[in-house]
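Make a model of the complete structure from these sequences and hints.
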Amino acid sequence: MKKYSVFAIAREAMRGHRGWEQQWTSPEPKAEYDVVIVGAGGHGLGTAYYLAKEHGITNVAVLEKGWLGGGNTGRNTTIIRSNYLYDESAGIYDHALKLWDGLSQDLNYNVMYSARGVMMLAHNVHDVQSLKRHVHANRLNGIDNEWLTPEQAKDYCPPLNISRDARYPVVGASLQRRGGTARHDAVAWGYARGASARGVHIIQNCEVTGIRRGPNGAVTGVETSRGFIGAKKIGVVAAGNTSVVMNMADVRMPLESYPLQALVSEPIKPVVPCVVMSNTVHAYISQSDKGELVIGAGTDQYYSYSQAGALHNLEHTLDAICEMFPVFTRMKMLRSWGGVVDVTPDRSPILAKTPVGGLYVNCGWGTGGFKATPGSAHVFAHTIARDEPHPINAPFTLDRFRTGRLIDEAAAAAVAH
Amino acid sequence: MLLIRCPYCEEERPEIEFRHAGEAHVARPTDIASISDEEFETFFFIRANTRGTVYERWRHVHGCARFFNAVRDSMSDRFIMTYKAGDPKPKKLPGV
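Top line first, the protein sequences correspond to chains Z and W.
When we follow this note's numbering, the leftmost residue of the first sequence carries the number 1, and every step to the right adds one.
When we follow this note's numbering, the leftmost residue of the second sequence carries the number 1, and every step to the right adds one.
There's no promise every hint is true.
Taking beta-carbon pairs under 7 angstroms as the criterion, some of the chain W residues facing chain Z (in silico) [unchecked claim]:
#1 ILE16
#2 ASP37
#3 GLU41
#4 PHE45
#5 ILE46
#6 ASN49
#7 MET75
It should be emphasised that the hints constitute simulated quantities derived from the structure, not laboratory data.
The beta-carbon is built from N, C-alpha and C at its ideal position, and this holds for glycine as well.
So this is what it looks like as structure tokens:
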């Protein structure tokens with residue numbers, strides 16, 4: 001792998017950019033691997049990267065039925081934050097946030113992590129109480145979060161409407177300054193390049209159609225659209241399709257897959273300097289480096305694998321955006337799209353061993369998995385390599401729905417996130 | 001937006017008149033206090049989440065307010081049929 005640097009750019013500029021190499025290779029699948037990862041999104045590719053880099057396991061394949069980073073990694077609104085209420089969530093999301101901070105240097109790939117701040121608006125007494133509780137809980141966990149008056153919120157984000165006459169007036173806000181955004185594609189590409197350079201095979205257009213198990217019940221490999229591939233261990237990181245893949249090993253999951261939509265506007269000059277979220281009117285917005293306003297909607301109400309949602313959901317979100325930012329009422333929207341998100345009953349993820357030997361699962365990130373990509377991949381690689389969870393993901397078991405030890409972020413936020 | 005046929009009102013109405021109410025034919029155990037943790041997990045948390053033909057409950061909240069069941073393809077979101085609550089799970093689906 002040739003290192004990217006300012007000197008590399010200068011050198012290639014001098015010779016017509018003919019020396020850039022492919023970022024990752026596309027080898028033919030081998031007969032057997034030590035570890036097969038199902039799903040080449042950010043979490044799956046990151047898992048392969050950390051398996052190779054931190055645990056020395058390089059005989060790894062990442063199988064992807066479509067194209068690399070074409071699922072939720074390429075469909076989300078790229079928001080990064082760690083201001084979750086419970087200690088377990090604070091642990092895993094802030095682990096991710098700390099890794100985001102040095103990820104571009106670690107990967108030698110610019111993931112464009114921008115700590116521009118994530119501001120969450122309060123519109124009523126309940127919001128104030130809930131968000132202040134989050135601020136205090138976060139600070140006890142060593143996570144930065146602070147309370148802003150409406151005037152301070154407007155100072156931080158000038159186009160925000162803080163009029164008392166608004167239908168849902170802004171009465172305060174919490175601000176996590178380390179939160180922000182990153183470039184979603186670059187995360188997948190950077191991990192793919194780093195993993196491929198360490199010997200990991202990335203195999204696209206290879207759909208897993210079955211999981212083969214030996215006489216003792218443990219996995220022996222996967223049936224795919226490109227034939228059988230042996231595997232000592234299998235890590236399922238298939239997001240919205242996790243239930244489908246896990247059923248192949250007779251494991252039924254506490255998951256429901258919902259459509260989640262997002263949209264972007266035409267590009268405009270910089271106007272929104274941070275991420276603004278509101279759980280009450282349910283909208284979130286940031287501005288990409290290209291200048292598009294990136295806007296996320298809520299999930300549709302029914303489960304679906306169609307990667308498409310209903311227009312009335314987008315209308316509802318845009319109503320909220322125009323309420324918060326009247327300056328955008330005449331903006332034109334450019335594109336909208338949908339993804340399939342796997343939602344757990346307590347809205348916390350599952351990163352765990354399963355009842356099947358050699359089978360591991362990383363799923364249930366619901367509507368907010370992108371922010372966790374590096375942390376999730378890092379501890380999931382540990383779980384696969386050592387056959388035991390990292391202390392950070394130890395609470396995120398599959399059997400917590402039997403034992404009752406839920407991590408109830410659904411109740412904490414009163415919204416899927 | 002989905003168009004959904006309410007089997008009580010006997011007409012197709014837009015999705016915003018309805019609330020999705022989860023997987024259908026998940027029977028609540030008759031003696032729920034005596035079941036094991038595994039049985040409770042299966043009843044309360046585990047879901048089929050099928051990629052393909054799904055059986056689900058809807059409620060016509062802004063109409064007759066009654067619950068009913070529907071069969072839908074979760075890949076195309078096309079409704080195959082709807083039927084009244086309490087009717088048995090259809091063995092044969094129209095057009096399938």
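A quick look at each hint next to the structure:
1. ILE16: 6 angstroms, holds
2. ASP37: Since the shortest Cβ distance to chain Z is 5 angstroms, the answer is holds.
3. GLU41: Nearest chain Z Cβ about 4 angstroms off; hint holds.
4. PHE45: 4 angstroms, holds
5. ILE46: The hint holds - W/ILE46 has a Cβ within 7 angstroms of chain Z, the shortest such distance being about 5 angstroms.
6. ASN49: Hint on W/ASN49: holds, closest Cβ of chain Z at ~4 angstroms, below 7 angstroms.
7. MET75: 5 angstroms, holds
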